[in-house]
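K.L.:
Protein chains in written order, with our numbering: chain W, 1 to 233; chain R, 1 to 219.
Not one of these hints is a red herring.
Pairs of lysine-lysine residues, derived as DSS-like cross-links and limited to a Cα-Cα distance of at most 25 angstroms, are as follows:
| hint | chain 1 | residue 1 | chain 2 | residue 2 |
| --- | --- | --- | --- | --- |
| 1 | R | K116 | W | K132 |
| 2 | R | K136 | W | K140 |
| 3 | R | K120 | W | K73 |
| 4 | W | K67 | R | K120 |
| 5 | R | K123 | W | K73 |
| 6 | R | K168 | W | K140 |
| 7 | W | K140 | R | K169 |
| 8 | R | K123 | W | K72 |
Just the calculated beta-carbon pair ranges, DEER-fashion:
| hint | chain 1 | residue 1 | chain 2 | residue 2 | range |
| --- | --- | --- | --- | --- | --- |
| 9 | R | V148 | W | R135 | 42 to 52 angstroms |
| 10 | W | T228 | R | S93 | 25 to 35 angstroms |
| 11 | W | D200 | R | E215 | 57 to 67 angstroms |
| 12 | R | K123 | W | E17 | 26 to 36 angstroms |
Sample of chain R residues with no beta-carbon within 12 angstroms of chain W, all distances over it, derived:
| hint | residue |
| --- | --- |
| 13 | Y19 |
| 14 | Y20 |
| 15 | K169 |
| 16 | E173 |
| 17 | P181 |
| 18 | K200 |
Note that these hints are calculated values from the structure, not bench results.
Values in this document were obtained by computation on a predicted structure and should not be read as measured data.
In this text, a Cβ means the ideal position worked out from N, Cα and C, and glycines have one as well.
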Amino acid sequence: MINKKVADAHEAIRDIEDGKTVMLGGFGLCGIPENCIAALVKKGIKDLTCISNNAGVDDFGIGLLLKTRQVKKMISSYVGENAEFERQLLSGELEVELIPQGTLATRCMAAGYGMPAIFTPAGVGTEVAEGKETRIFEGKEYLMEYAFDADFALVKAWKGDTAGNLIFRSTSRNFNPVMAMAGKITIAEVEILVEPGELDPDHIHTPGVYVHRIFQGSAYEKRIEQRTVRTQD
Amino acid sequence: MLDKNGIARRIAKEIKDGYYVNLGIGIPTLVANYIPTGINVVLQSENGLLGMGPFPFEGEEDPDLINAGKQTITTLPGSSIFDSAMSFGMIRSQKIDLTILGAMEVSENGDIANWKIPGKMVKGMGGAMDLVASAKNIIVAMQHINKVGESKLLPKCTLPLTGVNCIKKIVTELAVLDVLPEGGFRLIERAPGVSVDFIKQSTSGKLFTEADVKEMELN
Chain W
1 MINKKVADAH
11 EAIRDIEDGK
21 TVMLGGFGLC
31 GIPENCIAAL
41 VKKGIKDLTC
51 ISNNAGVDDF
61 GIGLLLKTRQ
71 VKKMISSYVG
81 ENAEFERQLL
91 SGELEVELIP
101 QGTLATRCMA
111 AGYGMPAIFT
121 PAGVGTEVAE
131 GKETRIFEGK
141 EYLMEYAFDA
151 DFALVKAWKG
161 DTAGNLIFRS
171 TSRNFNPVMA
181 MAGKITIAEV
191 EILVEPGELD
201 PDHIHTPGVY
211 VHRIFQGSAY
221 EKRIEQRTVR
231 TQD
Chain R
1 MLDKNGIARR
11 IAKEIKDGYY
21 VNLGIGIPTL
31 VANYIPTGIN
41 VVLQSENGLL
51 GMGPFPFEGE
61 EDPDLINAGK
71 QTITTLPGSS
81 IFDSAMSFGM
91 IRSQKIDLTI
101 LGAMEVSENG
111 DIANWKIPGK
121 MVKGMGGAMD
131 LVASAKNIIV
141 AMQHINKVGE
151 SKLLPKCTLP
161 LTGVNCIKKI
171 VTELAVLDVL
181 PEGGFRLIER
191 APGVSVDFIK
201 QSTSGKLFTE
211 ADVKEMELN
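Work out the full structure, taking the sequences as your base and the hints as a guide.
P.N.:
Structure, rendered in structure tokens:
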């Protein structure tokens, strides 16, 4: 088996330079590549274009990269939980492209499936459609949206093996598998890293061919954004 | 006049046995509390879950298991988990029978605005544009009038649109209304204690009413 294992996040992100386009998996703070984000902050790389469904919160997730002004542009579907983000956006310091969530996911999927573009009805007749090519199929209008072209994809999985095969856990799967497929270089951080043969091939969500580097992350905080509970009755 | 839970209770009556349902954030989330007993309904959360269960008991929260509102939740027997592309695949291919979402404005030709107030609020559309563009059956839960009494059911939306010509049914604190294919709102039911005249005054878009409009029955 081809061995994709690297020591840690710092080694994994070694060639991410200023101005690169980076995809980051996760939905809210669920399933985000915590170790890679910390390493990007530490390395101080600037002018990043980040493609991620959300922008973290003020002091966690991508919010950490915003605080240190390392992000030039965000491409997201929903950014509601981050006051610093909103401030930078309204003041014009940060460039932001808001796109529908399904469009975001499917543009990742297209990249991973080797398709240059997709057609979606999401955004037809709205400002999202401005300047975009449209086509009518069976009487309904669709927008042509291009596959993403990302230099790196940073994803978080639950388990992985050194061959790069990944298994996700619960709803922390979200954007991670499609982003893993979409990066020119995909870096996966996992909670549990095992040797080839220890994962059942039938249970793999992302085949190792899509993953270029893998490491076992440490000190996962897994912060909960909205802790909602019911009482025992 | 209905409160938020009243709106949710009325909408819950529209849910039929065997439906797969996507509930948006806000009032739509409350609908889950009023789904009639004895019917089988599967709730979809667009972050990648079919079969959303109730909130966990205290101490059993799992940071890896949340809904699209980022709240900790649970799964149910028969639940399934998938990635975001598949989640919107089942939405676009109309496998989801009913979408319930909130709105800031709806126009008499079925346009909806719910994602942006220029210069003020820039949260983003999330999955709303995908949902309204593809769903075959959408119910909007919204306030009929704003805090100063201005109608949010308009001849034309003033805010940036989420989708065009897609809304067919609206439930507000005052009424249940259909959006007619040829344009205009048709008053179907009025909330308890609300007069047809008050609904007329509160609707700035074209409103069609029958002589006798029945009062809502709530579950």
